[in-house]
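Asker: The sequence shown finishes on residue 311 if you use full-length UniProt numbering, and the numbering steps up by one all the way, no holes.
Rather than coming from a laboratory, the hints here were simulated on the basis of the structure.
From a predicted model like this one, the values you see are computed outputs, not experimental measurements.
Keep in mind that a hint or two might mislead.
[Stated by the list, open to error] Calculated lysine-lysine pairs in the DSS-like style (CA-CA distance at most 30 Å, straight line):
| hint | residue 1 | residue 2 |
| --- | --- | --- |
| 1 | K170 | K74 |
| 2 | K81 | K141 |
| 3 | K74 | K141 |
| 4 | K163 | K81 |
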Amino acid sequence: MGIYLPIAEISVNIFVLFGMGAAVGFLSGMFGVGGGFLITPLLIFYNIPPAVAVATGANQVIASSFTGALTHFKRGSLDVKLGTLLVIGGIVGAAVGIYVFVLLRELGQLDLIVSLLYVIFLSTIGGLMLLESIRSMRRTKAGQLSTLKKPGQHNWVHRLPFKMRFRASKIYVSIIPILALGAAIGFLSSIMGVGGGFIMVPAMIYLLKVPTNVVIGTSLYQIVFVTAFTTVMQATTNQSVDIVLAFLLMSGGVIGAQYGTRIGQKLRGEQLRALLATLVLAVGLRLAIELFVTPDDLYSIAIALVTPGAS
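Take the sequences, apply the hints, and build the full model.
Answerer: Below is the structure:
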């Protein structure tokens, strides 16, 4: 059953998009990620223009992130003060990212840059995650416990000026790395259509020493506002948010997430990370093949319509 996407200007199969949303929702529920870094490459594989895939992928992240952030707020595991600073930095980064997005689109290099960023980004993150999960599984098999730095230990981040106390997170740290982290995530959100939680979460844990039980909710809080800002800016500046496409993906995603959560509860943490890392590497490899392998058709033919009387 086909449907025409007005913004993407392409006819697609409803069931394919619904299934795509359900698959990403399943993985999101299983691994606890927003799924923006997966849905955008999948849409590109399905011949959705990268500009539309990025903007619509960012839009899909909002619903799941809002639900998660609300749950953590009710539990008291969300640092609103810390999250608000991340939002401020994220909005600035997203605004810069939108400007770069428009510039790349005008230069005709947007498709290439987005694909290259995803190849580099997914390969690096996937590789690091896979190495860490393999080491963790080996330690578990050998009967060793993984050790983290004690909460009292400080690093170079804690020596920066302009410190502020965050009571919910029980940390006293400079606002400089917080704003910088938020800006980086905002920039990635506008260029690549990702929520950025799988970068922000480890950064908050290992750099800022935020307690793990507060990290997830605070990260989702930032993602909601920054991604919403990015979506509005993409819609008004580039007219690249396809509501029909977003509705189909979100409908499938809600259903898939329910089943993914049930499966994820049956697996250990290191097993989940290893599976997610393998998936991330597979998507990055698929994009790399499309970038570097010579296509079957080297040229495309387009028909130019000439207005009568025009010179």
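Asker: Which of the listed hints are broken here?
Answerer: 2, 3
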